[in-house]
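K.L.:
Line by line, the protein sequences give chains A and B.
Just add 2 to wherever you are in the first sequence, counting from 1, and you've got my numbering.
Just add 7 to wherever you are in the second sequence, counting from 1, and you've got my numbering.
Errors might be hidden in some of the hints.
Some chain B residues judged to face chain A by a derived CB distance under 7 Å, without partners named [unchecked claim]: (1) Lys49; (2) Val50; (3) Phe52; (4) Phe112; (5) Gly113; (6) Pro114; (7) Gly115.
Please keep in mind that the hints were generated in silico from the structure rather than gathered at the bench.
Every residue, glycine too, gets a C-beta built ideally from N, C-alpha and C.
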Amino acid sequence: GEDVEQSLFLSVREGDSSVINCTYTDSSSTYLYWYKQEPGAGLQLLTYIFSNMDMKQDQRLTVLLNKKDKHLSLRIADTQTGDSAIYFCAARRENYQLIWGAGTKLIIKP
Amino acid sequence: EPEVTQTPSHQVTQMGQEVILRCVPISNHLYFYWYRQILGQKVEFLVSFYNNEISEKSEIFDDQFSVERPDGSNFTLKIRSTKLEDSAMYFCASRGAGAYNEQFFGPGTRLTVL
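Looking at chain A on its own, in the form it has when it is part of the complex:
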């Protein structure tokens, strides 16, 4: 069945760039999302990319999509302590259901 995979942890130094990677299997996914979940909180939509795009930039966030390899990445420039959270990649199926990755915990070192 459809699947979304991401690494479980990423540790970066404050001020460096963070790159969180994700792969998905459903080539018919039309939208791909990045959600942020802070401890004890809900799922906050950070950004998304439509499948006919290969890059989207939104302030400190850059999303890259390689549709051929079904690879998605989220780059956070100038990572701050407030960026500490779990970042979920999600692929939208044709019926609008979201298929989720397991989440990548971003750890910021001072």
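Mind docking chain B on chain A? Use the hints.
P.N.:
Just chain B, lined up with the frame of chain A:
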């Protein structure tokens, strides 16, 4: 800014008891969803709801689960006889109609079954 709300934020119940988790979707949204996230695991789709009926449900959503939109504003998830493995974070989401329509998520209800 409109948002999805959920109550309660935390529910503790005994195994075998019924629970009702409540959600108030964004007012002009037409599609409603429940997802759950068992601690440390992926977010999983449970059910989608449109036009007062279930559109799709996953294999998790068995006869113990039901959803309802009782009054045009609330959207509820009922678990008839809770099991230990129902302990999870339950997220409600809603979306509007249109070609691009993201799902807006509520803050979640943490259900603990003892």
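K.L.:
State for each hint whether it applies.
P.N.:
Right, here's what the structure says about each hint:
no. : hint   : verdict
1   : Lys49  : holds (5 Å)
2   : Val50  : holds (4 Å)
3   : Phe52  : holds (5 Å)
4   : Phe112 : holds (4 Å)
5   : Gly113 : holds (6 Å)
6   : Pro114 : holds (4 Å)
7   : Gly115 : holds (5 Å)
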